[in-house]
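Make the complex out of the two chains shown on their own, each in a separate frame, by following the hints.
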Amino acid sequence: MIDPSAGLDRAADVLIVDGRIAAVESHLDARADVPVIDAAGMIVAPGLVDMHVHFRDPGQTHKEDITSGAEAAARGGFTAVACMPNTLPPIDHPTVVEYVKSRARSAACRVYPIAAVSKGQVGQELAPIAGLAASGAVALSDDGVPVASAGLLRRAMSYASMFDLPVIEHCEDLTLSEGGVMHEGAWSTVLGLRGIPAASEEAVVARDLLLAEVTGARLHVAHVSSAGSVRMIREAKRRGVTVTAEVTPHHLVLTDESVQGFDAAFKMNPPLRTPADVEAVREGLLDGTIDAIATDHAPHAPEEKMVEFDAAPFGVIGLETALGVVWTALVQTGALTPADAIMKLSTAPASILKIPGGTLRPGSPADLVLIDPNRKWTVDAATFASKSRNTPFQGWTMTGKAVMTIVGGEIKHSDLEVEARV
Amino acid sequence: MRHLLSLRELSAEEIETLLDAANAYAEHSGLAAPALRGRTVATLFYEPSTRTEISFELAAKRLSADVVRCDVDRSSVCKGESLLDTVRTLEALGADAIIIRHSAAGAPHLASTVLQAAVVNAGDGMHEHPTQGLLDLLTVRQRLGRIAGLRIAIVGDIRHSRVARSAAWGFSRLGAKVTLVGPATLLPPDPEALPARCTTSVEDGLRGADVVMVLRMQLERQAGGDVPSVREYAAAYGLTEQLLAKSAPGAIVMHPGPVNPGIEVRDEVASGPRSVIAQQVTNGIFVRMAALVWALERELPFVDSRSSFVDTGTRPTTNGQFVRERSAVPASAADTE
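Chains as they are written, first to last, in the numbering used here: chain A, 68 to 489; chain B, 41 to 377.
Just chain B, same shape as in the assembly (with noise of 0.2 Å):
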C-alpha cells in the first residue's frame, strides 16, 4: 500500500513509471481488467467535482474493483463526523484505498497517518493535485512525444492553484522548464519555493512556449479583491490568438477544467485546433487506474515504448520513435533552477 500525495514527494522514477502505466491502459484497454478485483476503493469528495470523482470511479471499474462512493452532503459528515473518524468508518467497511478530495490542504496527509488503506489525493485546498498533474504530463507526452526541455507556461491564478504546484513540481521533476504567469497578487508570495520563474508578463511568460496551460480563475477560493476585476483579469491575462502566437510553433493549449468561459481563455482558442482539453480529461481515466494499482501495488503494466509508444502529436520525435528521456532531475526544488 502506498499514499498518492502530491508529485513533489514523487521521484522522476516514480513519475515516469506511473506515466509508462497509464500510456498502456490508454493504448491497450485490455490491460486493465481483473488488477483490482476484490479490492474496495471508496471516494470521500468534501467539494464538488465532475471529472475527477467520474473518472475515478470509471477507472476504479475499469480495474474490477468495488467502488462506493460516500456522499458528503448525505452522510455523517453532516452530523459532525471528523475527517478522520469519517476515513477510518470507510477502513472499516472494507475500503483498500481511499480518495479524498478536500477544501483544507494536507487533509489527505493527515487521513494518512491514521489508516492502512492507501490514500490518494483528489485534490487538497491550494497544495497538489497529483493526478491532475500526472494527466498533464501524459497529455503532453503523447502529443510532444516528450517532457524533459519543453517549455511550458502555466497562466492565471497561481496562487490559489493546486493544479499548478503539481504541474511545476511534475513538468520539473522530468526536465521541463516551467514559467508560472499571472498578476503579482496571483503568484504565490514566495515564488523561489516553487521550481519555476515567475514573470507579471504574459508576453514574456507565453514566449517560445511549448505548452501554454491556462487555469482557471478560483472564484470561489480568493479572499476577495486580488484583482480589480475579473473583467481587468480578462483583458490582460485571458488567453486570446494573439497571444497564443507568441508561444512556440505547435505549442498546445491545456486547461484543467472547468472553464470559465471567455475569463481565463477565449472559448475560439479552448476549442480551436491547439486545444487539448479532451485529451487531458480522458486521460484522467487512464492516469487514474495507474494511480489505483500503484497505489495497492499491484502489477502495473509495461509496454516495450519502442515498439507501441505512437506519437500522436504534431511534432514527431527526431528518429520518428519515442525516445525516453530520463535525465537526472534533482529532487529538491532549489536544486532545479
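So here's chain A without its partners, still in its complex pose (with noise of 0.2 Å):
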C-alpha cells in the first residue's frame, strides 16, 4: 500500500465503509459479511488525478463526453479528472459549470470543472470568477489557447486569488508558433513542416511567473515541454514564488522523430520535442520542479485526423496510457520510485486543485486504485473506453496497468484476475 501524503509504503489492509476509508492497518479482519478484494502483489493507491482532460462535452461529444471520458479515466485508474473549458460553448458560466457537474454525477469518476479566464475563451473581459467559483470551478484557464493579453492575464490572477483559484496557462505566444505544427528544429527542417519554437513557450512561461510574483497569485503551468520552461520554473520556486507544472505522459517519453512518418497521432500543442527537452523534463519532474503529470487527453475522431498533418487537428488521448507509460518508462527503469509515481499522478495534483482524492487517510473518500506492477500488456485503441483512437502509443507494450477502480467505495473498472470472494 502506498499513500504519498502519508509516506507510507508497506503491506496493509483497506477497510471501506460508505463510501469512506474507514482504518488502514497492517492487518484488519474482516466480518463474514462483508466482501473482501485481495489484492496481494499489488499496489494500493490513491486513485490517479488527473487534472487536464478535454471531454469535448458539450458541444463536439462524437469526440468525447462526460460519460465515456470518464469511463476512460476509470479504465486507466484514475478516480478523478479537472475537465478544461474550451467546449461548445465554453466553461465560462456558471449554467455551464452546472451542466458538468449534473452529467458528472453519473460518471464512472469524480469529475472537476475547470472554468474559463475569459469570457469566451477569447481573451478579451475576465469570465465571471465569482460565480464560476461560487458554482463549483477548481481552476481557471483558457488552455488550448494562451492568454495573450499580459494586463488580462495580470487582472485575472490578481481576481482568482481572492476564491484561492489556481490560474492555468496553457503557454505560447501565438506570433512565434503561427501556422506551426510541430517543434522547430532539425526535423521540421528535414520534413518542411512548419515549426513551434521553444521559445513560443519559453516567452509566456517567463511573463508568467514574472505576472504571478507581481500578484501573488497560484499560478499552475500546464503540459511543460520545454527545457528552458523547467529551468525558469525552478529557478522562480527557489525564490518562492508560487507555481506548480504539470507534464504529460508524451512529453516524457517522446521526441519530435516520431513525425517522420507525418502520422498525425504524433501531432499535439506542444508538440514532442527534442531528446535534450526530454531529459530536461524528467530531471524537472525527478527534482520537483514539475509537480504532476497529467495527460492533457484531447480526443478527436478518426476522421479528423486521417488527414494532411497540417489539417490534422492538435491533441492525443492519454487516460488509458498514461499509467502504463509512466510504469514503464520511468518506473520499472528506476528512474521513480513507486511512491513518487503516486505522487505525480495522484497526491499532488489533488493538492493542486484542492479536491478530494490523493490520500487514504481515514475519513477520506474511499477513491483507490489497485496497480498491478508487473501486468504486462499491448495498447490497442480499439479496446479504448474512449470514443476516440488517437493514441501516439498504438502497439506499444507496456509493465503496469491499473486492474480496479475504485471510487467512492464502488467498483468502477476491474480487470483483476482474482475477483473479489464475498
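Just so you know, these hints were derived from the structure itself, not from any lab. One thing to keep in mind: the hints can contain errors.
[To be verified] Just the calculated beta-carbon pair ranges, DEER-fashion:
#, chain 1, residue 1, chain 2, residue 2, range
1, B, S116, A, I478, 45 to 53 Å
2, B, S104, A, D482, 56 to 64 Å
3, B, S143, A, W444, 37 to 45 Å
4, B, E49, A, P369, 20 to 28 Å
5, B, G120, A, G355, 46 to 54 Å
6, B, L98, A, V189, 51 to 59 Å
7, A, L277, B, G312, 54 to 62 Å
8, B, G120, A, G430, 50 to 58 Å
Here a beta-carbon is modelled for each residue, glycine too, at the ideal position from N, C-alpha and C.
What follows is the structure, encoded as C-alpha cells:
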C-alpha cells in the first residue's frame, strides 16, 4: 500500500465503510458479511487524479463526452479528473459549470470543471469568476489557447486569488508559433513542416512567472515541454514564486523524431520536442520542479486525424495509457519510485486543485486504484473506452496496469484476475 | 510497387539507377515504348503546376500507360472528399500509380499508407520534390559529366523550398558539396539538419561554385514579412552577371521554374549561355519516365555508360568519357558534412 500523503509504503489492509476509508492497518479481520478484495502482489494507492483532460462536452460529443471520458479515466486508474473549459459553449458561465457537474453525477469517476479565464475564451474580458468559483469550478484556464494579453492575465490572477483558484496557463506566444504544426528544429527542417519554437512556450512561461510574482497568485503551468521552461520554473520556485507545473506522459517519452512518418497521432500542442527537452522535463519531474503528471487527454475522431499533417487538429488521448507509460518508462527503469509516481499522478494534482483524493487517510473518500506493477499488456486503441483512438502509443508493450478502480467505495473498473470474494 | 516519396530516403545506388535509366531514355527514345502498356497512371494535383504535371503526363504516355488526370477543381474534392478517400477512389478505378502534388508536407506519405498503388511525390509543401531533384542531378551530370566533388550553390528562399531539400539530399548523396545561400529568415530553422553548409553571404556561397541553382521566391508560401521587401531581396540576392563571375569557370545556372522575372535572377542570366533551364525542363520527362517505371517495378533500361554516355557539357572529363563515380556516401545527413 502506497500513500504519499502519509508517507506510507508497506503491506496493509484497508477497510472501506460507506464510501469512505475507515481504517488502514497492518492487519484487519473482516466480518464474514464484508466483501474482501485480495490484492496480494498489487499496489493499492489513492486513485489517480488527472488535472488536465478535454471531454468535449458540451458541443463536440462525437469526440468524447463526460460519460465516455470518465469511463476511459476509470479504466486508466483515475478516480478524478478536471476538465478544461474549451467546450462549445466554453465553460465560462455558472450554468455550464452546473451542466458539467450534473453530467458528472452518473459518471464513472469524479469530474471537476475548470472554468475559463476570459468570456468565451477569447481573451478580451474576465469571465464571471466569482460565480464560477461559487458554482464549483476548481481552477481557471483558457487552455487550448494562451491568454495573450498580459494585462488581462494579471487582473485574472489577482481576482482569482480572492477565491484561492489557481490559474492554469497554456503557455504559447502565438506570434512565434503561428502556422506551426511540430517542434521547430532538425526534424521540422527535414520534413518541411512549419515549426513551433521552444521560445514560443518559454517567452510566455517567463511572462507568467513574473505576473505570478507580482500578484502573489497561484500559477499552474500546463504541459511543460521545453528545457527552458523547466529551468525558469525551477528558478522561480527557488525564489518562492507560487507556481506549480505539470508534464504529460508523451512529453516524458517521445521526441519530434516521431513525426517523420507524418502521422497526426504525433501532432499535439505543445509539440514533441528534442531528446534534450525530454531529458530536462524528466529531471524537472524528479527534482520537484514539475509537480504533476497530467495527460492533456484530447480526443479527436479518426476522420479528423487521418488527414494531412497540416490539416489535423492538435491533441492525443492519454487516460488509458498514462499509468502504463509512467510505469514502463520511469518506474520499471528505476527513475521514479512507485511512491513518487503516485505522488505525481495523484497526491500532487489533488492538492494543487484542492479537491478530495490523493490520500488514503481514514475519513477521506474511498477513491483507490489497484495497480498490478508486473502486468504486461499491449496498447490497442480499438479496445479503449474513450470514443476516440488518437493515441501515440498504439502497439506499445507496457508493464504496469490499473487492474481495479474504486470511486467512493464502488468498483468502477476491474480487470483483476482474482475477483472479489464475498 | 514502390513509392517515390523523397530523395532523403533513397540510397546513392537507387538514385544512380534512376539517373542511368533517365539518361537512357534521353538518348534512345526507342527504349520507352511499351514498358507501362496496360498500366494506369493518375495525376492528382492539389496545387497548380505546368511543367511537372505535363511532363508526368508525357512521361506516362511515352511509356504507353493510360493516363488520367484528376482535376481537383472539378472533382469530388470540391465536395469535401478527403485526400485518403480520393486516392482510394483512384485506386478503385484502376490506378497503378498515383502522382500527388499537395501543399501539405507529407500528403503523399499519408496516401502511401493506405494504398497498394505506387505513390509518386510530385512536390509536397515545403518537404520534397524528388523528381525535380532527379532532373537537376541528371542535368548536371549531362553538362558537367559528374556529380561527385562538385560544388553546388543553392540560392534563395531555402526555408520554404522543397526543391532545395530534394537537391540537398540528392547532390550530397552522390558526393557533391552543397551550400545553401539566403537571408537569415529564409534559411532553414536548423541549418545542421540538412546535408549542406548554410551562409547568408551570396559572395561566399557562390565562390568556386560549379552549379548555381537559383530558387523561385515563393511569394505564395511566405507567412509574410520574411524579408523587408522583394526589391531588397532582389538587390542582395538576385543573380547578376557580376555575382555569377564569383563562381567557377564554366559554372552552369539552374532554376526550377517558374521564374519571377527580375527578382531571383536577371533575365540576361536566366536566358544567357550558362543557363540550362530549358534542359532541366526537357529532362523532367526522362526522369519521370524512369520514376514511373521504377515505382511500378518494371524493367529499367540500362545503357553501358562507356559506349553511350556522351558528355554534352562544356567540361569534358579527363579521359574524354563519362566516368561513373560511386563513392560511398553515408546514409545519414549528419555524416555527410
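Each hint, compared with the structure:
| no. | hint | verdict |
| --- | --- | --- |
| 1 | S116(B) - I478(A): 45 to 53 Å | holds, 50 Å |
| 2 | S104(B) - D482(A): 56 to 64 Å | holds, 60 Å |
| 3 | S143(B) - W444(A): 37 to 45 Å | holds, 40 Å |
| 4 | E49(B) - P369(A): 20 to 28 Å | holds, 27 Å |
| 5 | G120(B) - G355(A): 46 to 54 Å | holds, 50 Å |
| 6 | L98(B) - V189(A): 51 to 59 Å | holds, 52 Å |
| 7 | L277(A) - G312(B): 54 to 62 Å | holds, 58 Å |
| 8 | G120(B) - G430(A): 50 to 58 Å | holds, 57 Å |
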